[in-house]
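Residue numbers (the working numbering), protein chains in the order written: chain A, 970 to 1284; chain B, 4 to 647; chain C, 8 to 354.
Hints in this document: simulated from the structure, not taken from any laboratory.
Among these hints, one or two may not hold up.
To be verified - Which bits of chain B does chain A cover? Going by a derived footprint, with three or more residues having C-beta under 8 Å, they are:
| # | region |
| --- | --- |
| 1 | 42-54 |
| 2 | 100-110 |
| 3 | 174-185 |
| 4 | 216-224 |
| 5 | 267-274 |
| 6 | 347-355 |
| 7 | 404-411 |
Unchecked claim - Sample of chain C residues facing chain B (criterion: CB under 8 Å; computed from the structure):
| # | residue |
| --- | --- |
| 8 | N129 |
| 9 | L132 |
| 10 | L222 |
| 11 | S278 |
| 12 | R281 |
C-beta atoms are modelled at their ideal positions from N, C-alpha and C, and glycine is treated no differently.
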Amino acid sequence: MLRLLVGRLTAAVPLMFAVATLVFFLAQANSSDPAGSILGLDATEDAIDAKRAELGIDQPLLSQYGDWLVDAVQGDLGTNWFTGEEITTELSDRIPVTLGLAFGGLLLAVVIGCSLGVLAALKAGRWQDRVITVIASLGIAVPSFWIALLLAYYFAIELRWLPAVWPPGGPDGIGEWVEALVLPSVALGVAASAAIARQTRSAMIGVLQRDYVRTALAKGLPVRRVVGRHAIRNAAIPVVTLIGFQVAALLGGSLFVELIFNIPGLGSYGVDAIFRGNVPALLGFVMVIAFVVVLVNIALDLSYAWLNPKVRVRG
Amino acid sequence: MSTRQRVQARLTRNKVAMVGGVYLLVVVIVALLAPLLAPHDENLATRFQDILFSPSSEYWLGTDHVGRDIASRLMFGARYALFAGAEAVVVALAIGVPLGLLIGYFRGWVDAVVMRIVETVVAVPAIVMAMAIIAGLGVGLTKAMLAVGIVYSMVITRLTRAEVFAAREELYVDGAIAAGASSIRVMFRHVLPNVAPALIVQTTLLFAQAILAEAGLSFLGIGAGSDQASWGRMLRDAQLSIDRTIWPAIPPGLAVFSTVVAFNVFGDGLRDAFAREARGGRIGVGDVQRREARPIDNEGVPVQEAGGSSASDPVLTVRGLSVAFPRLGTDDDVEVVSGIDLDVGRGEVVALVGESGSGKSITALSILGLVPDPGQASASSIMLDGSELVEMPFEQLSRIRGTDIGVIFQEPFAALNPAHTVGRQVAEPLRYHLGMSRAAARARTIELLAEVGIPDPESRIDAYPHEFSGGMAQRVVAAMALACGPKLLIADEPTTALDVTVQGQLLDLIGDLARRRSMSVLLITHDLGVVADLADRVAVMYAGQVVETGCLEDVFASPQHPYTEGLIRAIPRNVSRSGDLPTIPGLVPSPWEWPDHCHFADRCEHVTQECRSGAVALTPSATGLSRCVRAEELALKGVREEAS
Amino acid sequence: MSLLEVSDLSVVFPGGRGTLPWQRLPNVRAVQGANLSIRASESVGLVGESGSGKTTLGRAILRLLHPTEGTIRLGDFDVTGFGRRTPRAYRKAVQVVFQDPVGSLNPAMTVRDIVAEPLRLNMGLQGEALGERSAELMGLVGLEAHHLDRYPYEFSGGQRQRIAIARALATTPELLVLDEPVSALDVSTQSQVINLLERLQRETDAAYLFIAHDLAVVRHVCQRIAVMYHSRIVETGPADAICDDPAHPYTALLIASIPDPDPAVQREKTSRRRALGRGVAGATGAPPVDACPFAARCPHVMDICHTSFPTPIATAAGGEVACHLHTTGPMLGGRPLSELDPDTDEA
């Protein structure tokens, strides 16, 4: 197992490097001049030049890249062009917020999605299956930001059960965290739970048709045990793959949800960076997101090894 | 009927998918005719003060926060949605398909490089990646969807590549190469048509995702501009007035939602239509239902006595077993096993012989009560050592299955759960049925593994199935089957998947175990050599019926049914032979083609008018039972007469 | 002068990737030092179990993979020297029939397309000539011209094999490689297809390389047989000699393992089988380079069997055998195993 971990981490390094390179050059492709937009319309030529030198964007592209890379590897993601703050600091304040949101959505999605998926598979063809399949098909079609809008409106504005805006200064204590995250998590989690339900259902159905399930039944084991001990572990593998994708999708969806609920997370940071052409901030944002996704995928790969003994022995 | 026609037929039968398809058609029509259908202008308010009106006859869906008619904007929005989806999908396919084909087929360093790029792009969430690209390209609907298309092309590349990998492994690709086809030809003529179904399904689903993506990007303000009434833009505008009313957010959201649903169900319908076989689903726990013996079985000889002749102390008696499956595409049922009577005596090895299509495996599964859904088994009686299994409740039947009957299936690795150690799987029935403690079960497992001939059982007990060879794995399956000391062992083609030099050892093992434990064996096989190796008595099955039974020597030396004769003669033997191999002309009939008279009549060289006059019963013959009206008068050739 | 000459052929597959990016799994030696020859119009059987390398050898001859060492010559073709592109003329001369009737025909193509493909590619036939030849081929294998417009899924296994055979014969090849052509068929269909193959060989004069695991089937179709075990050819010779009086212990074990439907014969075989095979496993793991791969299971094993692979010598029957029993110890010198005294292991 340890070997697997080391192997995956080693492979992750060039990947992060590649992401960084790709995004760096993509972001720079835009021709608009940030110095001008930072200083405003009545800035003088000299002021603009000075600002450009300050920001370092008068250097050739490759040397900008090199400088940024060297700093990034040491953990310094540069300075925010617009606020002047350290990007690393700005991001680290926001990471727990977005992670909390994404985790909440994921928890919801996995719990609801897996249970519904297994139920649908066991009752395949009967009414429980049809109902769940329909609901899941509808669920994956729902735009997360639309649900967020509706939830925000009904539960926060109309009914006032839950807060509509983020508590200033951050939530205080578990209670406030949960209250603040419930609506956004549900909004995020709906589509994910539908996707997970569908995948779980199809994976379970596939497994239930396998010979070793038939053998387990032939051994006289009760259905509950056959499903719980034999089927689930093998059906888990494709579902785990999907959960990996869903984590990426949830992080993406958090952009919208954070905007609607005014949550000071990574998503709103990134959107702001795009609008303003704030290249280093955008870069930092993408790198952090990519890093989280890579870590999650490594964790999932390790769980594969636990689920599927063949993977452990290779190499 | 060509593939396309088949797919079309299946698709049109799927009502849900057709509803989705029709809905999409409506959306397309609305999009095309929007300028004609829309009552108001998409971007200008008719009257500036008509802000946030509720739905009325003038404004069908009300107005938004600057007085624009929502219904009209919604119709124009369909245009943007379809355009956006189409752009993203076209870009994705244009990049992804050729790339995927190339790297999937040629591999090598190009594959490695491209896959690294794909992994890089996919490592970042799609929306985020699209945003990064937009940061470079600039905002706007066209550029935004181009970015989305580029991100999606990575998905398409990966999918195409995977499909090409799978298709490359197919033997028909080898056949084409051997026939002289160039790589290009193989790619386009052989691989691509078989890759196309998966691509088509994925494209439909991706279209839906693209519409969602457009809505999202426009909502953020980096997609459609303020002068474009896309649904996402409408949601963005709706957010501005959310504190006053939620209504402007409802129609565009519903529009996106319903269009995406339509694409998804249509795509799912396509996927099901392309699938090679229809799939069942439930755990096959159809219990055997009781039914009365049918008249045909009563013709001449009462059923109850028919099979009882040679088994004096029967462990298993089966009477009138039939299994029916619903026929695909119709409402009828089709019998695949018809009126089987079978006996297995104590300590006896009975071989159930037949080729594919005879129904022998289904017969075994029915005895176990494990007929796969949607099959339905019925019998007048299945007695296991005095207990009637027909209509027994599932829990009780499970118990009997676990303790009194042991099963060995054909594929050893498929029968073993790849995620559990061998020891755990063998111990499971010990712990569950016999209530043994973990330590006791482990000790017993080691004994069992030794009994089936696995060397070094103390360490092998913790190994996983894939660490064994085929023959060894089958021995593990045998150990599992024997764990609770069953009275009857059902072995369904136990050696077919094994090499011939290993086969004999497994057969020796089964024979030894049967003798040592006074266990009866029901051996199911198509190989007469295996039968001769192990069996005491034989029952021959053809097209769902037992056609002959008797003891081994008799049946093989002087068969009482032309099919048995034909089978014996057609086997290649290790003897010097000249001229043609004797063969049985024709094909085994499919269950829905079974005639009402003798099932073998069309292929039989001894057929007469009488054979076709009506159903033939299983009646006593010189050596056992036979389902042939001419059994007495025919002197059929047995196994000895072929030696020269 | 033989039609096909395989000399000292080895096929080694590179190992895959391990867990760490720079790791490689060990190579797989599928075929080692194989020598095989087939004369024009001759039918040679290549017999072995799983892992023997027989399919790999066949694929090397078909140019579906490239051997690591050794040479293959067919007529005037230097097959191993072809380079990247295989000449059209070679494809015309060597054709294949695979085991799996389901997977070997492209489900998306009509039978007509399948059968016509080699005609179009290698002989440039078109239009009416193409149609005529296609119909002719269908008749040759016992099917009808109207079957050309159907799809593979509409046929039974035996019929699909006939279609595969029709495609293989389309260009009147000189050598037909058949890889387990009847193994997936029922007994009654098997004999039909075997009879067809024999008749076709008489009519077309093609040479056959008949790869199979079933000695009894091979005996019927082939004049000569080569026996492979775990990457090595261990014995070759006339079919009757190999099947009645083998010179290699593995061949003897193989013969004793073939189930015979005559119960009396089978009883005798069972007791012989128990005596002949030691150990319980089949051929697993990597085959040794400098030892006899059968040493672990051979009832006559000697010390030298673990340290070197025996050099093949000529047998009395007219073939070759690679076994130390013939060159050391009892010094059988090419005579059949039956001349060994069962108690003393001496000749």
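Given coverage of the region 216-224 of chain B by chain A, tested with a Cβ cutoff of 8 Å and a minimum of 3 residues: Answer holds; 5 residues pass the 8 Å Cβ test.
Interface hint outcome for C/S278 [beta carbon to chain B under 8 Å]: Constraint on C/S278 not satisfied, violated at 10 Å.
Within 8 Å of chain A's CB atoms, at least three CB atoms from the region 100-110 of chain B: coverage verdict: It is violated: at least three residues are needed, and the region 100-110 of chain B offers just 0 whose Cβ sits closer than 8 Å to chain A.
Closest C-beta approach of C/L222 to chain B relative to 8 Å, hint status: holds, 6 Å
Restraint check, 8 Å cut-off on beta carbons, for C/L132 near chain B: At about 13 Å, which exceeds the 8 Å cut-off, the nearest Cβ of chain B leaves the hint on C/L132 violated.
Proximity test - 8 Å, beta-carbon atoms, the region 404-411 of chain B to chain A, at least three hits: With 5 residues closer than 8 Å to chain A, the region 404-411 of chain B meets the three-residue bar; holds.
Cut-off 8 Å, beta-carbon criterion: hint that C/R281 touches chain B: Holds, about 7 Å.
8 Å C-beta test of the region 174-185 of chain B against chain A, three or more residues: violated (count 0)
Outcome, coverage of the region 42-54 of chain B by chain A - at least 3 residues whose beta-carbon is closer than 8 Å to one in that chain: violated (count 0)
Coverage of the region 347-355 of chain B by chain A (three or more Cβ within 8 Å): The restraint on the region 347-355 of chain B is violated, since only 0 of its residues have a Cβ under 8 Å from chain A and three are required.
Interface hint status, C/N129 versus chain B (Cβ within 8 Å): For C/N129, the interface hint holds, since the closest Cβ of chain B sits about 5 Å away, which is under 8 Å.
Whether chain A covers the region 267-274 of chain B (at least 3 residues having a Cβ closer than 8 Å to its Cβ atoms): As far as the region 267-274 of chain B goes, the hint holds, because 3 residues have Cβ atoms under 8 Å from chain A.
Hints 1, 2, 3, 6, 9 and 11, counting from the list given before, are not met by this structure.
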